[in-house]
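Asker: Sequence:
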Amino acid sequence: MAVSTNELVRSYKGYDPILNYRERCAIVKAIRYVDKVVKQTKLFDVDQFRELGADVFIVGDDWANRNNIPDGLKWLKEHDKVLFVPYTKGLSTTYIKRKIIKQSYEIIRSEIERKLRDEYNLR
435 MAVSTNELVR SYKGYDPILN YRERCAIVKA IRYVDKVVKQ TKLFDVDQFR
485 ELGADVFIVG DDWANRNNIP DGLKWLKEHD KVLFVPYTKG LSTTYIKRKI
535 IKQSYEIIRS EIERKLRDEY NLR
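Per our numbering: the sequence shown ends with 557, consecutive numbering throughout.
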């Protein structure tokens, strides 16, 4: 399984991933069905795909119908070498970041209230 480098993620998302490359590799390596973890430095790298002797490239279905798809994805689609799996809403780091930002006011307010209660022994 290929894990994208921090630089690759930054190149198409515009910001760094929450978990760094080493942390994401550790998570992927812990998956029982993963035999090998390799570094992905290019989106849909057909050369790497061929070198590894991979049978299929698995990616979220949010890539399935984009207008300007990378050349590598075009090749994978043309050669029936890509499997699009359902994108699970609410599990992406982007969703989690947005939720934290949205709830940040409530989180900060709650922390301040808790500190004031503790400091002044209020209940």
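Treat the hints with care, as some may be off.
With a Cα cut of at most 27 Å, we get these calculated BS3-like pairs of lysine-lysine [as the list claims (entries may be wrong)]: (1) K531 to K447; (2) K515 to K536; (3) K447 to K549.
Across the chosen pairs, the derived CB separations fall in these ranges [stated by the list, open to error]: (4) Y539 to K476: 18 to 28 Å; (5) E553 to R500: 45 to 55 Å; (6) V468 to R548: 33 to 43 Å; (7) D489 to E547: 54 to 64 Å; (8) D552 to D489: 27 to 37 Å; (9) A464 to K508: 29 to 39 Å; (10) I465 to R551: 37 to 47 Å.
Calculated from the structure, these hints are not laboratory results. Since this is a predicted model, take the numbers as computed values, not measurements. By construction, the Cβ of each residue, glycine as well, lies at the ideal position given by its N, Cα and C atoms.
Asker: In ascending order, which of the hints set out earlier in this document are inconsistent with the structure?
Answerer: Per hint list: 2, 3, 4 and 8 violated.
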